[in-house]
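**Student:** Below are the chains, spelled out letter by letter.
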Amino acid sequence: MAIVHEFEYFRPEKIEDVIKLLGEYKSKARLLAGGTDLVVRIKDELEFPEAVINIKEVEELRKLEFIEGKLHIGALVTFTDLIDSDIVREQFPFFWESVKTIASVGVRNRATLAGNICSAVPSLDSGPALLTYEADIVVMGKEGERVISALDWFLGPRKNALKESELVCEIIFSLPERKHGGSYVKLGRYKGEDLAQVGLGILALEGNEYRLAFCAVGPIPKRAKKLEALLNGKPLTDSLIEEAKKLIPEEISPITDVRATKEYRLHVAKVMLERGIKAAVERIDGNGPAYGEKLI
Amino acid sequence: MKKISFILNGEKRNAYVEPNDLLVDVLREKLGMHSIKYACGRGDCGACTILLNGKGVRSCIILAIEVDGQEILTLEGLSENKLTSLQESFIDHSSFQCGFCAPGMIMSATELLNKNPNPTEEEVKEGLSGNLCRCTGYTPIIEAVLDVEKKDVDKK
Ligand code: FES
Ligand code: FES
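Residue numbers (this note's numbering), protein chains in the order written: chain U, 524 to 819; chain V, 347 to 502.
It should be emphasised that the hints constitute simulated quantities derived from the structure, not laboratory data. It is possible that part of the hints are untrue.
Taking lysine to aspartate or glutamate pairs in the EDC-like style, the calculated list, with each CA pair at most 16 Å apart, reads [to be verified]:
#: 1; chain 1: U; residue 1: 817; chain 2: V; residue 2: 469
#: 2; chain 1: U; residue 1: 566; chain 2: V; residue 2: 364
#: 3; chain 1: U; residue 1: 579; chain 2: U; residue 2: 604
#: 4; chain 1: U; residue 1: 579; chain 2: V; residue 2: 414
#: 5; chain 1: U; residue 1: 702; chain 2: U; residue 2: 729
#: 6; chain 1: U; residue 1: 566; chain 2: V; residue 2: 371
#: 7; chain 1: U; residue 1: 665; chain 2: U; residue 2: 689
#: 8; chain 1: U; residue 1: 749; chain 2: U; residue 2: 765
#: 9; chain 1: V; residue 1: 401; chain 2: U; residue 2: 607
#: 10; chain 1: U; residue 1: 817; chain 2: V; residue 2: 468
#: 11; chain 1: U; residue 1: 748; chain 2: U; residue 2: 732
#: 12; chain 1: V; residue 1: 471; chain 2: U; residue 2: 717
#: 13; chain 1: U; residue 1: 549; chain 2: U; residue 2: 570
#: 14; chain 1: U; residue 1: 586; chain 2: U; residue 2: 609
#: 15; chain 1: U; residue 1: 566; chain 2: V; residue 2: 390
#: 16; chain 1: U; residue 1: 817; chain 2: U; residue 2: 797
#: 17; chain 1: U; residue 1: 702; chain 2: U; residue 2: 808
#: 18; chain 1: U; residue 1: 537; chain 2: U; residue 2: 689
#: 19; chain 1: U; residue 1: 549; chain 2: U; residue 2: 666
#: 20; chain 1: U; residue 1: 702; chain 2: U; residue 2: 613
#: 21; chain 1: V; residue 1: 471; chain 2: V; residue 2: 493
#: 22; chain 1: U; residue 1: 623; chain 2: V; residue 2: 469
#: 23; chain 1: V; residue 1: 348; chain 2: U; residue 2: 531
#: 24; chain 1: V; residue 1: 349; chain 2: U; residue 2: 531
#: 25; chain 1: U; residue 1: 682; chain 2: U; residue 2: 570
#: 26; chain 1: V; residue 1: 401; chain 2: V; residue 2: 417
#: 27; chain 1: U; residue 1: 623; chain 2: U; residue 2: 609
#: 28; chain 1: U; residue 1: 593; chain 2: U; residue 2: 700
#: 29; chain 1: V; residue 1: 461; chain 2: U; residue 2: 604
#: 30; chain 1: U; residue 1: 537; chain 2: U; residue 2: 580
#: 31; chain 1: U; residue 1: 623; chain 2: V; residue 2: 472
#: 32; chain 1: V; residue 1: 461; chain 2: U; residue 2: 607
#: 33; chain 1: V; residue 1: 471; chain 2: U; residue 2: 816
#: 34; chain 1: U; residue 1: 748; chain 2: U; residue 2: 657
#: 35; chain 1: V; residue 1: 401; chain 2: U; residue 2: 604
#: 36; chain 1: U; residue 1: 623; chain 2: V; residue 2: 468
#: 37; chain 1: V; residue 1: 461; chain 2: V; residue 2: 495
#: 38; chain 1: U; residue 1: 817; chain 2: V; residue 2: 472
#: 39; chain 1: V; residue 1: 348; chain 2: U; residue 2: 529
Isolated chain U (complex conformation) (with noise of 0.2 Å):
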């Protein structure tokens, strides 16, 4: 099926052409990156741009440093870039092992980061990283340059905190100074490229602290409170656990649709709680399964 709709097509490359740009069609302009969201929605007739802005040739967006404790991701790098950097994989390994959940290999060379967030789907992949690594995002705008937190950033589903006239940056996270493990739990349909029914990242840190967050179990990826206000202070014991499980319906508020049930979407978030904290906790010394290895 070809595109219907028709818009003015943009290859700017400084961001500062690309912010003129966006002052000018405003909600009407949309930026491109991997276009594997975007380009989708156009055809789908879901979004009517005016102007499409392809944001690829601004150089400065590509960047993947890590400086001074903090991994600096640009809105150009792609998931397979995330997931072939060595210092991904070796420094923020409970990243990578979400990163690489997301989509299939074609769809992850083109597909960035930052493009995935700004989609803010409920079943965002990389959101429980995000938010237990607590990132910080930089956009520019007109007015400069602005810091959101990632915790600040999910509003509602395909609803993020960017004003109408700003961009993407980068997206910087500190490596945690103490000690931590962590993992990404994702259970789709089938192995492969699916869609979450339910994810859940957890990152545990030396002195038994705990950061949790859910994705596809309600309307944005969210931190759970709750559970962490449970497990905080406490070592990880089987009653504990048991403990924690019981909080889950009190945490999560899964829909049924295509994907699974509510009813189902509760049961295994308790599971994936389980196996997933376990795993989190014993790779703080690094043992447990290796990162990458499918937990559910």
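Using the hints, position chain V with the ligands against chain U.
**Tutor:** Frame of chain U; chain V with the ligands shown alone:
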């Protein structure tokens, strides 16, 4: 209409395109690259896979205008002179029935083998997980990819 230029299967080509033209349509209709198949149109099935700057991508969700100045390889270019060992291996293993998925499968598997000449079964499955086949049940496809290396060694 805007003029774009790019390298297609080793040759410089030009095309006049509208901003909303899809790459798959321009390659198939204007440039005759009929190996590229169009099925889901939304990046889910892999039938339209080509290599763009060496990487497997879905030509059904790329605007043609985006590839100005870049390099594309399709199945036509891959086997211009003779079949690759991978293609021979597909034949040996009867890895197609209707064949509709085959060009995309071969492009994705080519990318995989370029990056990782000796993949494990898990790696082959992961590399091809975005390419759907409705006929074969995948086993002969996976076996064909796993066997390529052996084939290359036998030849030497
Ligand atoms: S036709 Fe392009 S991925 Fe299915
Ligand atoms: S052989 Fe028919 S779809 Fe694969």
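**Student:** Taking the hints in turn, state whether each one holds.
**Tutor:** Hint check:
The straight-line distance between the Cα atoms of residue 817 of chain U and residue 469 of chain V is roughly 14 Å, inside the 16 Å bound, and the hint therefore holds. With a CA separation close to 15 Å, the supplied pair residue 566 of chain U and residue 364 of chain V stays within the 16 Å bound. Only pairs whose Cα atoms come within 16 Å are accepted, and residue 579 of chain U paired with residue 604 of chain U is accepted, the gap being roughly 14 Å. Our distance criterion of 16 Å between C-alpha atoms is met by residue 579 of chain U and residue 414 of chain V, whose separation comes to about 12 Å.
Of the supplied pair hints, the one linking residue 702 of chain U and residue 729 of chain U holds, its CA atoms being roughly 5 Å apart against a limit of 16 Å. For the hint pairing residue 566 of chain U with residue 371 of chain V, the CA-to-CA distance comes to about 13 Å; that is within 16 Å, so the pair holds. Between residue 665 of chain U and residue 689 of chain U the CA atoms are separated by roughly 7 Å; this keeps the pair inside 16 Å, and the hint holds. For the proposed pair residue 749 of chain U and residue 765 of chain U, the alpha carbon gap of about 14 Å is at most 16 Å, so the pair holds.
Straight-line distance between C-alpha atoms of residue 401 of chain V and residue 607 of chain U comes to about 13 Å, which keeps the hinted pair within the 16 Å bound. The hinted pair formed by residue 817 of chain U and residue 468 of chain V meets the criterion: a straight-line CA distance of about 12 Å does not exceed 16 Å. For a cut-off of 16 Å, the pair hint linking residue 748 of chain U to residue 732 of chain U stands: about 12 Å separates their Cα positions. For the hint linking residue 471 of chain V to residue 717 of chain U, the alpha-carbon distance of about 14 Å falls within 16 Å, and the restraint holds.
Distance check on the hinted pair: residue 549 of chain U and residue 570 of chain U sit about 14 Å apart at the alpha-carbon level, within 16 Å; holds. With a CA separation close to 15 Å, the supplied pair residue 586 of chain U and residue 609 of chain U stays within the 16 Å bound. Under the criterion of a C-alpha separation no larger than 16 Å, the hint pairing residue 566 of chain U with residue 390 of chain V is consistent with the structure, at around 14 Å. Between residue 817 of chain U and residue 797 of chain U the alpha-carbon distance is near 14 Å, which keeps this suggested pair within the 16 Å criterion.
At roughly 8 Å between alpha-carbon atoms, residue 702 of chain U and residue 808 of chain U fall within 16 Å of each other, so this suggested pair holds. Annotation: proposed proximity of residue 537 of chain U to residue 689 of chain U holds, straight-line Cα distance about 14 Å (limit 16 Å). A threshold of 16 Å between alpha carbons decides the hint, and for residue 549 of chain U with residue 666 of chain U the separation of about 14 Å falls inside it, so the pair holds. A distance of roughly 14 Å separates the Cα atoms of residue 702 of chain U and residue 613 of chain U; the hinted pair therefore holds under the 16 Å criterion.
With a C-alpha separation of about 14 Å, the suggested pairing of residue 471 of chain V with residue 493 of chain V holds against the 16 Å cut-off. Between residue 623 of chain U and residue 469 of chain V, the direct Cα distance comes to roughly 12 Å. Compliance with the 16 Å bound is thereby established for this hinted pair. A C-alpha spacing of about 11 Å is found between residue 348 of chain V and residue 531 of chain U, which places the hinted pair at or below 16 Å, so the restraint holds. Taking the CA atoms of residue 349 of chain V and residue 531 of chain U, the gap is about 15 Å. The hint holds against a cut of 16 Å.
The straight-line distance between the Cα atoms of residue 682 of chain U and residue 570 of chain U is roughly 14 Å, inside the 16 Å bound, and the hint therefore holds. Pair hint residue 401 of chain V plus residue 417 of chain V holds up; C-alpha atoms about 10 Å apart against a cutoff of 16 Å. Only pairs whose Cα atoms come within 16 Å are accepted, and residue 623 of chain U paired with residue 609 of chain U is accepted, the gap being roughly 14 Å. As the CA atoms of residue 593 of chain U and residue 700 of chain U are separated by approximately 11 Å, the hinted pair is consistent with the 16 Å bound.
Note on residue 461 of chain V and residue 604 of chain U: the hinted pairing holds, with a Cα-Cα distance of about 13 Å set against a maximum of 16 Å. Straight-line distance between C-alpha atoms of residue 537 of chain U and residue 580 of chain U comes to about 8 Å, which keeps the hinted pair within the 16 Å bound. About 10 Å separates the Cα atoms of residue 623 of chain U and residue 472 of chain V, which keeps this hinted pair within 16 Å; it holds. At most 16 Å may separate the alpha-carbon atoms for a hinted pair to count; residue 461 of chain V and residue 607 of chain U meet this at roughly 11 Å.
As the CA atoms of residue 471 of chain V and residue 816 of chain U are separated by approximately 14 Å, the hinted pair is consistent with the 16 Å bound. Our distance criterion of 16 Å between C-alpha atoms is met by residue 748 of chain U and residue 657 of chain U, whose separation comes to about 14 Å. The suggested pairing of residue 401 of chain V with residue 604 of chain U holds, with an alpha-carbon distance near 12 Å, which does not exceed 16 Å. Taking the CA atoms of residue 623 of chain U and residue 468 of chain V, the gap is about 14 Å. The hint holds against a cut of 16 Å.
Between residue 461 of chain V and residue 495 of chain V, the direct Cα distance comes to roughly 13 Å. Compliance with the 16 Å bound is thereby established for this hinted pair. Proposed proximity of residue 817 of chain U and residue 472 of chain V is supported: the alpha carbons are some 12 Å apart, at most 16 Å. Our distance criterion of 16 Å between C-alpha atoms is met by residue 348 of chain V and residue 529 of chain U, whose separation comes to about 14 Å.
Violation of the numbered hints given earlier is absent; every hint is satisfied by the structure.
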